[in-house]
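Enquirer: Sequence:
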Amino acid sequence: MHLVDQHCHSVLVADLDEDRLAALLTESDRPPAAGTTPFDSALGLAVRRWCPPVLGLSAHAPAAEYIARRRELGATEATARLLEAAGLSVCLVDTGLTAAAGHSLLPLTELAAVAGAEVREVIRLESIAERVTATAEGWSRALRAALETACAGAVAVKSVLAYRHGLAVPPEPPTEAEVARAAAGWLRGPRTRLADPVLLARLLWTAVDVCAGAGLPIQLHTGFGDPDLRLHRADPALLTDFIRAAEPSGVPLVLLHCYPYHRQAAWLAASFPNVYADIGLTVSYTGTRAAQVLGEVLELAPFGKVLFSTDAYGLPELYLVGAAQYRHSLGRLLADWRADGACSAADAARIERMVSADNSRRLYRL
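Mapping of the sequence shown onto numbering that gives the first Met the number 0: residues 0 to 365, in sequence order.
The set of hints was computed from the structure by calculation and includes no laboratory data. Where a beta carbon is used, it is the ideal one built from N, C-alpha and C, also for glycine. Please note that the accuracy of each hint is not assured.
[Said to hold, decoys possible] Okay, the calculated beta carbon distance ranges per label pair:
1. 248 - 339: 36 to 44 Å
2. 130 - 249: 23 to 31 Å
3. 240 - 73: 49 to 57 Å
4. 75 - 340: 43 to 51 Å
5. 152 - 96: 36 to 44 Å
6. 59 - 98: 44 to 52 Å
7. 147 - 55: 44 to 52 Å
I would like the entire structure built from these sequences, with the hints used as guidance.
Expert: Encoded structure:
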(Lines of atoms letter the chains of each structure in order from A and count residues from 1; the text may use other names and numbers.)
(Lines give C-alpha, C1' and ligand atoms only; values in the text may rest on other atoms or scores of the structure.)
Protein backbone atom coordinates (compact mmCIF):
# COMPACT_ATOMS: atom_id res chain seq x y z
CA MET A 1 0.00 0.00 0.00
CA HIS A 2 1.22 3.50 -0.84
CA LEU A 3 1.38 5.68 2.24
CA VAL A 4 0.34 9.23 3.06
CA ASP A 5 3.23 10.77 4.97
CA GLN A 6 1.35 13.36 6.99
CA HIS A 7 4.44 15.03 8.48
CA CYS A 8 7.90 15.23 6.97
CA HIS A 9 10.58 17.62 5.75
CA SER A 10 12.44 17.89 2.49
CA VAL A 11 15.72 16.17 1.66
CA LEU A 12 19.18 17.23 0.59
CA VAL A 13 20.83 15.73 -2.47
CA ALA A 14 24.52 15.55 -1.63
CA ASP A 15 27.36 13.06 -1.48
CA LEU A 16 27.93 12.77 2.26
CA ASP A 17 30.80 11.15 4.06
CA GLU A 18 30.09 8.76 6.93
CA ASP A 19 30.32 11.39 9.67
CA ARG A 20 27.98 13.86 7.97
CA LEU A 21 25.43 11.19 7.13
CA ALA A 22 25.60 9.73 10.63
CA ALA A 23 25.02 13.19 12.12
CA LEU A 24 21.56 13.15 10.54
CA LEU A 25 20.72 9.85 12.28
CA THR A 26 20.22 11.56 15.61
CA GLU A 27 18.05 14.34 16.98
CA SER A 28 21.08 15.72 18.78
CA ASP A 29 22.89 18.69 17.30
CA ARG A 30 26.05 17.79 19.22
CA PRO A 31 28.92 15.61 17.96
CA PRO A 32 28.89 12.04 19.25
CA ALA A 33 31.04 11.06 22.19
CA ALA A 34 34.56 9.97 21.34
CA GLY A 35 34.67 6.42 20.07
CA THR A 36 30.94 6.26 19.29
CA THR A 37 28.78 6.74 16.19
CA PRO A 38 25.06 7.32 15.62
CA PHE A 39 25.10 4.24 13.39
CA ASP A 40 25.32 2.19 16.61
CA SER A 41 21.68 2.85 17.53
CA ALA A 42 18.28 1.37 16.82
CA LEU A 43 17.86 3.87 13.98
CA GLY A 44 21.33 3.13 12.64
CA LEU A 45 20.54 -0.59 12.56
CA ALA A 46 17.28 0.16 10.75
CA VAL A 47 19.11 2.18 8.09
CA ARG A 48 21.53 -0.68 7.53
CA ARG A 49 18.64 -3.15 7.40
CA TRP A 50 16.34 -1.41 4.91
CA CYS A 51 18.54 0.84 2.76
CA PRO A 52 21.51 -1.20 1.42
CA PRO A 53 19.35 -3.61 -0.65
CA VAL A 54 17.83 -0.63 -2.48
CA LEU A 55 21.33 0.43 -3.52
CA GLY A 56 22.39 -3.06 -4.56
CA LEU A 57 24.04 -4.28 -1.35
CA SER A 58 23.13 -6.94 1.18
CA ALA A 59 21.06 -5.97 4.20
CA HIS A 60 23.21 -4.95 7.18
CA ALA A 61 26.16 -3.98 5.00
CA PRO A 62 28.73 -2.08 7.08
CA ALA A 63 28.19 1.66 7.21
CA ALA A 64 31.42 2.44 5.38
CA GLU A 65 30.50 0.04 2.55
CA TYR A 66 27.05 1.58 2.32
CA ILE A 67 28.43 5.12 2.15
CA ALA A 68 30.90 4.09 -0.54
CA ARG A 69 28.11 2.55 -2.63
CA ARG A 70 25.96 5.64 -2.13
CA ARG A 71 28.77 7.86 -3.43
CA GLU A 72 29.44 5.48 -6.32
CA LEU A 73 25.83 5.77 -7.49
CA GLY A 74 25.78 9.51 -6.89
CA ALA A 75 23.46 11.42 -4.62
CA THR A 76 20.79 11.98 -7.27
CA GLU A 77 20.44 8.28 -8.15
CA ALA A 78 20.64 7.13 -4.53
CA THR A 79 17.99 9.65 -3.47
CA ALA A 80 15.65 8.62 -6.26
CA ARG A 81 16.00 4.92 -5.42
CA LEU A 82 15.44 5.43 -1.70
CA LEU A 83 12.40 7.66 -2.12
CA GLU A 84 10.84 5.36 -4.71
CA ALA A 85 11.30 2.38 -2.40
CA ALA A 86 9.48 4.21 0.40
CA GLY A 87 6.25 3.95 -1.61
CA LEU A 88 4.73 7.29 -0.64
CA SER A 89 1.77 8.70 -2.52
CA VAL A 90 1.45 12.02 -0.66
CA CYS A 91 3.92 13.98 1.49
CA LEU A 92 2.80 16.83 3.73
CA VAL A 93 6.00 18.82 4.14
CA ASP A 94 6.81 21.20 6.98
CA THR A 95 8.74 23.99 5.27
CA GLY A 96 10.03 25.52 8.52
CA LEU A 97 13.43 23.86 7.96
CA THR A 98 15.39 24.77 4.84
CA ALA A 99 18.86 23.26 5.25
CA ALA A 100 20.68 20.22 6.64
CA ALA A 101 24.37 19.32 6.95
CA GLY A 102 25.31 22.59 5.30
CA HIS A 103 23.20 21.95 2.18
CA SER A 104 19.89 23.41 1.06
CA LEU A 105 16.87 21.13 1.07
CA LEU A 106 15.04 20.47 -2.18
CA PRO A 107 12.22 22.87 -3.06
CA LEU A 108 8.81 21.22 -2.93
CA THR A 109 8.44 20.92 -6.69
CA GLU A 110 11.76 19.08 -6.97
CA LEU A 111 10.95 16.87 -4.00
CA ALA A 112 7.67 15.90 -5.66
CA ALA A 113 9.46 15.00 -8.86
CA VAL A 114 12.14 12.84 -7.25
CA ALA A 115 9.73 11.18 -4.79
CA GLY A 116 7.04 10.52 -7.40
CA ALA A 117 4.50 11.77 -4.89
CA GLU A 118 2.05 14.59 -4.45
CA VAL A 119 3.62 17.16 -2.13
CA ARG A 120 1.64 19.66 -0.06
CA GLU A 121 2.92 22.36 2.27
CA VAL A 122 2.55 22.61 6.03
CA ILE A 123 3.46 26.10 7.23
CA ARG A 124 5.27 26.67 10.51
CA LEU A 125 3.48 29.17 12.73
CA GLU A 126 6.54 30.53 14.50
CA SER A 127 8.29 31.22 11.19
CA ILE A 128 5.33 33.32 10.06
CA ALA A 129 5.14 35.21 13.35
CA GLU A 130 8.85 36.03 13.34
CA ARG A 131 8.48 37.81 10.00
CA VAL A 132 5.57 40.02 11.11
CA THR A 133 6.38 43.74 10.97
CA ALA A 134 4.03 46.01 12.89
CA THR A 135 3.71 48.34 15.82
CA ALA A 136 3.18 46.75 19.23
CA GLU A 137 -0.49 47.76 19.18
CA GLY A 138 -0.95 46.40 15.66
CA TRP A 139 0.97 43.14 16.12
CA SER A 140 -2.10 40.95 16.67
CA ARG A 141 -3.84 42.28 13.56
CA ALA A 142 -0.71 41.94 11.44
CA LEU A 143 -0.18 38.41 12.72
CA ARG A 144 -3.70 37.38 11.77
CA ALA A 145 -3.33 38.85 8.28
CA ALA A 146 0.00 37.05 7.78
CA LEU A 147 -1.48 33.72 8.88
CA GLU A 148 -4.50 34.11 6.64
CA THR A 149 -2.23 34.78 3.66
CA ALA A 150 0.06 31.85 4.45
CA CYS A 151 -2.81 29.43 5.02
CA ALA A 152 -4.24 30.11 1.58
CA GLY A 153 -1.84 27.64 -0.02
CA ALA A 154 -1.29 25.21 2.86
CA VAL A 155 -2.82 21.91 3.91
CA ALA A 156 -2.09 22.46 7.63
CA VAL A 157 -0.08 24.57 10.06
CA LYS A 158 2.46 23.40 12.61
CA SER A 159 3.69 24.77 15.93
CA VAL A 160 7.00 24.14 17.67
CA LEU A 161 5.73 25.74 20.87
CA ALA A 162 7.17 22.77 22.78
CA TYR A 163 10.66 24.00 21.90
CA ARG A 164 10.00 27.68 22.52
CA HIS A 165 8.27 27.62 25.90
CA GLY A 166 6.47 24.32 26.52
CA LEU A 167 2.98 22.97 26.00
CA ALA A 168 1.22 24.38 29.07
CA VAL A 169 -0.89 26.76 26.98
CA PRO A 170 -3.42 28.91 28.90
CA PRO A 171 -7.06 27.96 28.21
CA GLU A 172 -7.88 31.47 27.02
CA PRO A 173 -6.12 33.92 24.70
CA PRO A 174 -4.08 36.75 26.25
CA THR A 175 -5.70 40.18 26.25
CA GLU A 176 -4.80 42.80 23.66
CA ALA A 177 -3.08 44.85 26.37
CA GLU A 178 -0.93 41.85 27.34
CA VAL A 179 -0.05 41.20 23.72
CA ALA A 180 0.86 44.83 23.08
CA ARG A 181 3.20 44.91 26.10
CA ALA A 182 4.86 41.66 25.05
CA ALA A 183 5.11 42.76 21.42
CA ALA A 184 6.80 46.00 22.44
CA GLY A 185 9.56 44.01 24.12
CA TRP A 186 9.85 41.61 21.19
CA LEU A 187 10.04 44.42 18.63
CA ARG A 188 12.81 46.17 20.57
CA GLY A 189 14.97 43.05 20.60
CA PRO A 190 16.97 41.23 17.89
CA ARG A 191 13.86 39.18 16.90
CA THR A 192 15.82 36.05 16.05
CA ARG A 193 13.48 33.61 17.74
CA LEU A 194 10.00 34.09 19.16
CA ALA A 195 9.93 32.67 22.69
CA ASP A 196 7.70 35.07 24.61
CA PRO A 197 4.90 33.00 26.23
CA VAL A 198 2.27 35.71 25.71
CA LEU A 199 3.02 36.08 22.01
CA LEU A 200 3.24 32.33 21.55
CA ALA A 201 -0.16 31.92 23.18
CA ARG A 202 -1.61 34.65 20.94
CA LEU A 203 -0.05 32.93 17.94
CA LEU A 204 -1.63 29.57 18.74
CA TRP A 205 -5.05 31.01 19.53
CA THR A 206 -4.94 33.10 16.34
CA ALA A 207 -4.11 29.93 14.45
CA VAL A 208 -7.18 28.27 15.95
CA ASP A 209 -9.36 31.11 14.65
CA VAL A 210 -7.76 31.19 11.21
CA CYS A 211 -7.74 27.40 10.81
CA ALA A 212 -11.39 27.19 11.87
CA GLY A 213 -12.26 29.43 8.95
CA ALA A 214 -9.88 27.75 6.51
CA GLY A 215 -10.70 24.17 7.52
CA LEU A 216 -7.08 23.31 8.36
CA PRO A 217 -5.63 21.12 11.14
CA ILE A 218 -2.94 22.32 13.54
CA GLN A 219 0.04 20.04 14.07
CA LEU A 220 1.93 20.37 17.37
CA HIS A 221 5.35 18.98 18.16
CA THR A 222 5.21 16.86 21.31
CA GLY A 223 7.65 14.41 22.86
CA PHE A 224 11.34 14.03 22.15
CA GLY A 225 13.49 16.16 19.89
CA ASP A 226 16.88 17.83 19.87
CA PRO A 227 18.68 19.12 23.01
CA ASP A 228 17.04 22.53 22.58
CA LEU A 229 13.93 20.88 24.05
CA ARG A 230 13.05 20.48 27.71
CA LEU A 231 11.38 17.11 27.49
CA HIS A 232 9.11 17.43 30.52
CA ARG A 233 7.56 20.53 28.93
CA ALA A 234 6.76 18.56 25.75
CA ASP A 235 4.32 16.12 27.39
CA PRO A 236 1.09 16.41 25.35
CA ALA A 237 -0.96 16.02 28.54
CA LEU A 238 0.07 19.61 29.33
CA LEU A 239 -2.18 20.67 26.43
CA THR A 240 -5.34 19.33 28.11
CA ASP A 241 -6.77 22.69 29.19
CA PHE A 242 -6.03 24.24 25.81
CA ILE A 243 -7.54 21.26 23.98
CA ARG A 244 -10.69 21.49 26.05
CA ALA A 245 -10.98 25.23 25.41
CA ALA A 246 -10.29 24.87 21.67
CA GLU A 247 -12.71 21.98 21.20
CA PRO A 248 -15.74 24.16 20.24
CA SER A 249 -13.74 25.55 17.29
CA GLY A 250 -13.72 22.11 15.68
CA VAL A 251 -10.09 22.58 14.60
CA PRO A 252 -8.28 19.21 14.53
CA LEU A 253 -5.14 19.09 16.67
CA VAL A 254 -2.51 16.58 15.55
CA LEU A 255 -0.02 15.58 18.25
CA LEU A 256 3.24 14.82 16.46
CA HIS A 257 5.78 12.16 17.49
CA CYS A 258 4.61 11.93 21.14
CA TYR A 259 7.24 9.42 22.38
CA PRO A 260 7.87 8.77 25.26
CA TYR A 261 4.48 10.30 26.04
CA HIS A 262 2.64 8.29 23.38
CA ARG A 263 0.23 6.82 25.91
CA GLN A 264 -0.77 10.31 27.04
CA ALA A 265 -1.32 11.24 23.39
CA ALA A 266 -3.43 8.12 22.89
CA TRP A 267 -5.57 9.07 25.89
CA LEU A 268 -6.08 12.58 24.51
CA ALA A 269 -7.09 11.15 21.13
CA ALA A 270 -9.55 8.84 22.85
CA SER A 271 -10.97 11.60 25.03
CA PHE A 272 -11.35 14.57 22.67
CA PRO A 273 -12.91 14.40 19.19
CA ASN A 274 -10.55 17.06 17.80
CA VAL A 275 -7.29 15.29 18.80
CA TYR A 276 -5.24 12.93 16.61
CA ALA A 277 -2.04 11.02 17.40
CA ASP A 278 0.90 10.78 15.02
CA ILE A 279 3.42 7.92 15.15
CA GLY A 280 6.14 9.46 12.98
CA LEU A 281 9.72 9.67 14.24
CA THR A 282 8.79 7.25 17.04
CA VAL A 283 8.57 4.21 14.74
CA SER A 284 11.93 4.99 13.14
CA TYR A 285 13.85 5.67 16.32
CA THR A 286 12.51 2.76 18.40
CA GLY A 287 13.83 0.18 15.94
CA THR A 288 12.89 -3.40 16.69
CA ARG A 289 10.67 -2.21 19.57
CA ALA A 290 8.43 -0.24 17.21
CA ALA A 291 5.71 -2.91 17.15
CA GLN A 292 5.43 -2.73 20.93
CA VAL A 293 5.25 1.06 20.87
CA LEU A 294 2.57 0.95 18.17
CA GLY A 295 0.63 -1.47 20.34
CA GLU A 296 0.84 0.98 23.25
CA VAL A 297 -0.56 3.77 21.07
CA LEU A 298 -3.40 1.55 19.86
CA GLU A 299 -4.27 0.45 23.40
CA LEU A 300 -6.39 3.60 23.75
CA ALA A 301 -6.27 5.68 20.58
CA PRO A 302 -9.18 5.06 18.22
CA PHE A 303 -7.92 3.46 15.02
CA GLY A 304 -9.46 6.28 12.97
CA LYS A 305 -7.34 8.88 14.76
CA VAL A 306 -3.81 7.44 14.44
CA LEU A 307 -1.70 8.84 11.60
CA PHE A 308 1.37 7.51 9.82
CA SER A 309 4.30 9.80 9.09
CA THR A 310 8.06 9.52 8.77
CA ASP A 311 9.18 12.95 10.03
CA ALA A 312 12.03 12.37 7.59
CA TYR A 313 14.46 15.27 7.44
CA GLY A 314 17.49 15.73 5.25
CA LEU A 315 18.29 12.10 4.46
CA PRO A 316 16.18 10.20 1.92
CA GLU A 317 17.12 7.14 3.98
CA LEU A 318 14.80 8.39 6.70
CA TYR A 319 11.81 8.29 4.36
CA LEU A 320 12.51 4.66 3.53
CA VAL A 321 13.26 3.65 7.10
CA GLY A 322 10.12 5.35 8.39
CA ALA A 323 7.94 3.64 5.80
CA ALA A 324 9.60 0.20 6.01
CA GLN A 325 9.71 0.16 9.82
CA TYR A 326 6.06 1.15 9.93
CA ARG A 327 4.89 -1.50 7.47
CA HIS A 328 6.93 -4.20 9.17
CA SER A 329 5.98 -3.25 12.73
CA LEU A 330 2.28 -2.77 12.11
CA GLY A 331 2.26 -6.06 10.20
CA ARG A 332 3.81 -7.85 13.18
CA LEU A 333 1.37 -6.26 15.59
CA LEU A 334 -1.72 -7.08 13.56
CA ALA A 335 -0.49 -10.63 12.93
CA ASP A 336 -0.25 -11.09 16.70
CA TRP A 337 -3.77 -9.73 17.12
CA ARG A 338 -5.10 -12.12 14.50
CA ALA A 339 -3.27 -15.10 16.03
CA ASP A 340 -4.79 -14.23 19.39
CA GLY A 341 -8.27 -13.98 17.88
CA ALA A 342 -8.49 -10.26 18.66
CA CYS A 343 -9.45 -9.33 15.10
CA SER A 344 -10.25 -10.84 11.73
CA ALA A 345 -8.17 -10.56 8.58
CA ALA A 346 -10.66 -7.99 7.31
CA ASP A 347 -10.33 -5.99 10.53
CA ALA A 348 -6.54 -6.00 10.27
CA ALA A 349 -6.62 -4.86 6.65
CA ARG A 350 -9.02 -2.05 7.50
CA ILE A 351 -6.87 -0.83 10.42
CA GLU A 352 -3.83 -0.83 8.15
CA ARG A 353 -5.67 1.20 5.49
CA MET A 354 -6.90 3.73 8.05
CA VAL A 355 -3.56 4.42 9.70
CA SER A 356 -1.52 4.23 6.48
CA ALA A 357 -3.52 6.66 4.39
CA ASP A 358 -7.28 6.90 4.87
CA ASN A 359 -7.20 8.84 8.15
CA SER A 360 -4.87 11.46 6.69
CA ARG A 361 -6.84 11.72 3.46
CA ARG A 362 -9.98 12.42 5.47
CA LEU A 363 -8.37 14.78 7.97
CA TYR A 364 -6.47 16.90 5.43
CA ARG A 365 -9.17 16.66 2.74
CA LEU A 366 -6.70 15.21 0.25
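Enquirer: Of all the hints numbered above, which does this structure not satisfy? Sort the numbers upward.
Expert: 5 and 6
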